[in-house]
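Protein chains: 2
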Amino acid sequence: MTRVVKKFGGTSVADLERIRSVAARVKHAHDAGEEVVVVVSAMAGVTNQLVDYCVKMAPLHDAREYDTIVATGEQVTAGLTAIALQELGVPARSWLGWQIQLHTDSAHGKARISGIDREALDQRLRQGEVPVIAGFQGIGSDNRLTTLGRGGSDTTAVAIAAALQADRCDIYTDVDGVYTTDPRIVSRARKLEKITFEEMLEMASVGAKVLQTRAVELAMKYGVRMQVLSSFDDSPGTFVVGEDEILEHELVSGVTYSRDEAKITLLRVADRPGIAAGIFGPLADASINVDMIVQNISAEGDTTDITFTVSKSDLERARAVIEASRETITYARLLSDPNVVKVSVIGVGMRSHAGIASKMFHTLAEKGINIQVISTSEIKVSVLIDEAYTELAVRALHTAYRLDAH
Amino acid sequence: MTRVVKKFGGTSVADLERIRSVAARVKHAHDAGEEVVVVVSAMAGVTNQLVDYCVKMAPLHDAREYDTIVATGEQVTAGLTAIALQELGVPARSWLGWQIQLHTDSAHGKARISGIDREALDQRLRQGEVPVIAGFQGIGSDNRLTTLGRGGSDTTAVAIAAALQADRCDIYTDVDGVYTTDPRIVSRARKLEKITFEEMLEMASVGAKVLQTRAVELAMKYGVRMQVLSSFDDSPGTFVVGEDEILEHELVSGVTYSRDEAKITLLRVADRPGIAAGIFGPLADASINVDMIVQNISAEGDTTDITFTVSKSDLERARAVIEASRETITYARLLSDPNVVKVSVIGVGMRSHAGIASKMFHTLAEKGINIQVISTSEIKVSVLIDEAYTELAVRALHTAYRLDAH
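Sequences listed follow chains H and Y, in order.
If you're matching positions, the first sequence starts at 1 in UniProt numbering and goes up one per residue.
If you're matching positions, the second sequence starts at 1 in UniProt numbering and goes up one per residue.
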């Protein structure tokens, strides 16, 4: 007996008609003899409305009340989906976070799952009933409702799949899979049949917002096979799986880009021990995430130039923090540039193959694109370039790594 | 220490601004040293929207899912009200039905309360915290959400007041009290300072929809003093109390009317034992409520005329049920008339005073109003008259019983 968790996001349950078509899809799997667990998000727009209520009532509101309020969105969808399934003759019932004892810590608004009572669900599944679980919500150690952070229903689905030892966790969304790059930029982008958890995590972290990062981490930890697919058509999606499932790795699986970057350069910083801590400590204290960091080799021995990137929205705050610390960080000038983009090539294949980074640099050089900063991880090479060259760079790299569809 | 339960209905919490003014009202009582428990309804319109979703998804839907869905309305208001109170510096938290273990039977959609865990609330109250309770909802024996039927938040408030031995249960609504009659018809209608539970129940049953009937029954059973008052101004409301609290009873406390009446007359029904059962049994089986019933004394010994009233919306169905039973109920003709109104005078004083009914008949006769049917209870006299005379009759009776404001 195949056991599958199917998670439907906000656009997939946007209205009653869409919920009916979700029910039809679930019935199809149920009729084929699968044990199906459904996890649903709030109807599109509902969570935003509820968050808006909270913010308007008090910009700094009690996170426990926020959770009580926003958790209602998924509760409504779960009930309606159960009714829609029953209408099609499929035995179904809704389950709320506290009813399946989906325990979390008490970090309201961004809680982490600590355990699930699988017994009740397991028993219902064996009886042929379809549990419809309200995603995104749990119960904290204080016996109050918690939520898992935006996109948290993905995490609910993976956690349920892990607890019930499901064969697969299908994530239905408004895109039909994970692509080699953004199809809006590269018309010959290809849908990937499979991708590894590690690659998916790198994709997510550089801007491909298909899956919540924590959901992928959890799936990797518990070996839950995921599939990303569309609830709007019937084409197969992209499987997100362990490396062992992919026999022949592509050297590069995808080319991604992130426009949410801004560059700061400090010229002629006094080159002495502790200077990096002097710069990045105050930024961390101000909750500003620093991504790429480059320190030039000191030419004359007593000063150096340091370049780093922050999120575009943090640029002004970052400048202010640095300038406020000018007494401790001695530097000649602060330059900043919001017109940059980070382009990355990602692939687990590069672990065992040399020359991936070198091909990237050559390709960009051929197009006359100047590389401002480079950073690498085991399965990713990222470069910072002038934002004006985004499309040119992405297309050239997509072709160079033979990712174009035929 | 005075302990008060304050319940706010849908129009009182219609939007964020109204919820803020509810919070200000609660803060006022809290600052004055009262222990306050708040019970809230869904924001006006929300419950209708949720019910509409259920009905559109399936006209005959699972009542357990219905309850899961509609209970979210009160959940949102409870959270927002708690935030609004915190903003004013009042310690507050929301409580859902399952969190206070408000147990009900499992009659989903119209559940009855069986018990409440008062410990947690009692402790918080003593610490000066304001519990904000989502009305209308509970938890059934199946560990699923239940709801108490439309207007059920009144019942929640009274049940909480009884469990916590509160000194008073204030029901805030969009009217500022209970009137001697409908002020839209009689400009000299007076707001009552006090009314007994029994009178309130009779008022409610004949059309004055200020309080849910079950809430009044529960208040009477447990001796909970209620007050009906407006959340839109600061005038004192009407107290609903036990008879012992009212020293000098008015003979008549109010004149009410109900337009939702239709009359059916069966001419020349065979007058033999079992004939009433033959008529009213099939109507009961069809869930049609029959109100007033009059059987004329048989003139010739073998036939009689029977007149009764049903709700206007049931008239056509009632005719069909009677006509379908024509083989067992032998009658000459069926007459029906939807253009009737039931006018009632209500007052516990009439228990100990004769002449109340007689004054009613005289007053109507003086105005040339024909009485079609009469029915009486211990504290109420009702007559059925031509609907065209509604205002004339109500005004005349209001004056006759000296209810007009000076």
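It should be emphasised that the hints constitute simulated quantities derived from the structure, not laboratory data.
Treat the numbers as computed from the prediction; the structure is a model and nothing was measured.
Treat each hint with caution, since some may be false.
As the list claims (entries may be wrong) - Under the rule of at most 25 Å between Cα atoms (straight-line distance), these lysine to any residue pairs were calculated in the SDA-like manner:
#1 56/Y / 34/H
#2 194/H / 56/H
#3 110/Y / 86/H
#4 56/H / 56/Y
#5 27/Y / 20/H
#6 56/H / 88/Y
#7 56/H / 106/Y
#8 56/Y / 187/H
#9 110/H / 86/Y
#10 27/Y / 34/H
#11 56/Y / 49/H
Tested hints:
1. Annotation: proposed proximity of residue 56/Y to residue 34/H is violated, straight-line Cα distance about 29 Å (limit 25 Å).
2. Distance check on the hinted pair: residue 194/H and residue 56/H sit about 43 Å apart at the alpha-carbon level, beyond 25 Å; violated.
3. For a cut-off of 25 Å, the pair hint linking residue 110/Y to residue 86/H stands: about 21 Å separates their Cα positions.
4. Annotation: proposed proximity of residue 56/H to residue 56/Y is violated, straight-line Cα distance about 31 Å (limit 25 Å).
5. Of the pairs offered as hints, the one joining residue 27/Y and residue 20/H is violated, with about 46 Å between alpha carbons and a cut-off of 25 Å exceeded.
6. Of the pairs offered as hints, the one joining residue 56/H and residue 88/Y holds, with about 14 Å between alpha carbons and a cut-off of 25 Å not exceeded.
7. Note on residue 56/H and residue 106/Y: the hinted pairing is violated, with a Cα-Cα distance of about 37 Å set against a maximum of 25 Å.
8. As the CA atoms of residue 56/Y and residue 187/H are separated by approximately 41 Å, the hinted pair breaks the 25 Å bound.
9. Between the alpha carbons of residue 110/H and residue 86/Y the distance comes to roughly 21 Å, so the proposed pair stays at or under 25 Å and holds.
10. Of the supplied pair hints, the one linking residue 27/Y and residue 34/H is violated, its CA atoms being roughly 55 Å apart against a limit of 25 Å.
11. Note on residue 56/Y and residue 49/H: the hinted pairing holds, with a Cα-Cα distance of about 22 Å set against a maximum of 25 Å.
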